[in-house]
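Visitor: Listed below are the residues making up each chain.
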Amino acid sequence: MNYQFDWAVVTSGKYFEWLVSGVVVTVKISVVSIALSFLLGLVIAVMRMSRFRPVYWFAHGYLEFFRNTPLLVQIFFWYFGSYKVLPDAVNQWLNAQGFEFAAAVIALTIYTSAFIAEDIRSGVRSIPKEQMEAARSAGFSYVRSMFYIILPQAVRLTIPPLINQFLNLTKNSSLAMTIGVAELMYQARQVESYTFKGFEAFSAATVVYVGLSFAITGLMTLYDRKVLQPIKVR
Amino acid sequence: MARKTALVIAAAALVAAMFGSALAADTLADVKKKGVLVAGVKDSTPPFGSVDPNTKEYVGYDVDFIRAIAKKAGVKAEFQPVTSANRMPMLQEGRVDILAATMTKTPERAKQIDFSYTYFLTGQKFLTKVGTVKSLKDLEGKAIGTAKGSTSEQNVAKAVPSAKILSFDDYPQAVLALIQGKVIAVTTDESILAGQLGKLEKNPASKGKFEIPDVQISEEPYGLGMRKGDTNWVKFVNDTILEMEKSGEAKKLFDKYFAPDGDNPMKRGTFKITADERGIK
Amino acid sequence: MDFQVVWDNLSYFFVGRYPKGPLGGVGLTLYLAVVALALSFVGGLILGLLSISRNRAVRWVSSSFIQIIRGMPLLMVIFWMFFLLPALFGKGMPASMTVITALTLFTSAYMSEIVRAGIMGIPKGQTEAAVSTGLTHRQTMLYVVLPQALRNMIPSFVNQFVSMIKDTSLAFIVGVAELTQIATQVNNRTMMYPTEIFLFIAVIYFVICFAFTELSRWLERRLAYTKSI
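Residue numbers (our numbering), protein chains in the order written: chain A, 1 to 234; chain R, 1 to 281; chain G, 1 to 229.
I should point out that these hints are in silico values taken from the structure, not numbers from a laboratory.
Given the structure is predicted, the values throughout are model-derived calculations rather than measurements.
Even for Gly, the Cβ is constructed at its ideal location relative to N, Cα and C.
There is no bait here: all hints are sound.
For lysine-lysine, the following BS3-like pairs were computed, each having C-alpha atoms within a straight-line distance of at most 30 Å:
#, chain 1, residue 1, chain 2, residue 2
1, R, Lys32, R, Lys72
2, R, Lys235, R, Lys281
3, R, Lys76, G, Lys20
4, A, Lys14, R, Lys164
5, A, Lys14, R, Lys142
6, A, Lys14, R, Lys228
7, A, Lys14, R, Lys158
8, R, Lys281, A, Lys14
Across the chosen pairs, the derived CB separations fall in these ranges:
#, chain 1, residue 1, chain 2, residue 2, range
9, R, Lys164, A, Arg144, 43 to 53 Å
10, G, Lys20, A, Leu219, 47 to 57 Å
11, G, Ala224, A, Thr195, 47 to 57 Å
12, R, Gly131, A, Ala96, 18 to 28 Å
13, A, Leu219, G, Lys124, 24 to 34 Å
14, G, Trp7, R, Lys76, 26 to 36 Å
15, R, Lys256, G, Pro94, 25 to 35 Å
Generate coordinates for the entire structure from the input sequences, incorporating the hints supplied.
Guide: Written as structure tokens, this is what we have:
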């Protein structure tokens, strides 16, 4: 048995369409999770900096727990394990929506938000304390000064590590294949099992993932050069 | 490092040539030489292959066939868990010497690997909650669970094109999705479904809630999988299973796992292991 | 919730089929992580040094290699290794070796960045001083820069170990009987307790990873302290 390359399998026809639909699902799942994890990350970061103990401890526990357990286990937990925890009505509603997509989004969002919160927090710490003091003495409340004065600056400084987290999230979304979400990796494997052309199918998926990450890394370098360096030098 | 990179690139380009030729050796001689037969089996698909929680040993219909073949060759049997999705690569890449993993013989697969004669015959059906599915019509537009890379997945897509197929790494996960209402049915071979149903019946929480309605969408002859062109090995395995039929051992194995009063009642009917070409022609 | 299923299978979760069969469960998870981390340390060091080599071609090739690996999901690297390794080295390589290779390749790429940053973090003056005392470039690297850089990198290495432990869960995909795979097996067998099972292994992973995260923080404080003296 000699391996015959057949690139046509992945560049046209039915299997090409499968791969494209996989890319679409990967992008969908990533975009939704990125938006949600950013918002959740902001909230957790603010909670983590709160001086109100219970809030602080909750955020602290959240960060440590979700950063220190594998994403795959979290995906399994949300998909198979949350069933017993949620009320029946919620389960039925979720199932009608196609729970596998939601479970993947929930897991990716929670996992990534923990990392994002830490990045934002270190961004905030690099903003001089005087800014907060100035804002407070100008009559802003703590929360308002945080959201209007400190966070906008911190987020700008945090953009490179954030983009990195988003890239990781996109790559991590490949784990959603384990619960039947038909994203890119799932489709690549489908093509393999239908055509036995694993080499071609994996190559196609690799090109998409690596291409995406090169493009984003490129943009990040540009951002660093055009936006961040001028601020830093000042 | 540059050399390593070059190696990887060269490997990528040459993977083709090396693929088959390196592996097309004589497995029978190999197995005898190393004294162990490494078989790919399912590890959570009773009654075919599963790990006994008490003894931690592999048990099942597939497992016993391998033990018989190993015994005939005078070697020890070793088991490597495989899934529907990874079993063919596991075989082709030489991680296992033979597959006994509830694998249906099909013409497409027969182009990639060689099959033994049919050692088990079943048909593809559905496992559902009692009363929800009476005919294929009831499945239209619904979510159906199955396993990645299985013939079940390909058959059901043809039989119910409007259904949404959710493929998991293996059947038990699909059954779990059924229990939780994430799919309306799980589809695969009746024999596997019977094993899953048996498990559900044993649990008080699910007893009497599930059934396998009489809706069949295909015939599924199981074969043991071996690498393409491994002629001696295929012949040895075929001779062994024919002998098992003749001596009555094959029937005994069937009765051991599929007895009418057991966990997975099934009828053997007129099926016998013969020099057949089911599925591959 | 009913955690009886966990107690019934406790030894299976921790050691798999051992001693009747190969080591599995938590034992295999730790084994995979330790071996792959040791190899990645070497791989990361080599890749990191090559990526700051004075030879432009070497630098370019190693950097592209690092970038490509970092652009891929780990799952993809595992599939590739699963596919390519037997073609390269012939049959009979156990699946756990494939996973170790994939983890090593993947983590080496990340390690190399740590190594590079560590080396860049050593003040230029040190290199200049070393060279002016007559050491060659290689000697300077080996005896002056690397020992200090490595010391500063220790916390990052420990952090990588935490990532590695989490990453071993992906071995599940290719049927290696580490903790996540064992959990799926038990879950497949018992059917009714996914919540309990996945919660349980999440806690196990957490305990192991959190311990090392704390170790890394402690080391960071300690090393920072002694450095300032």
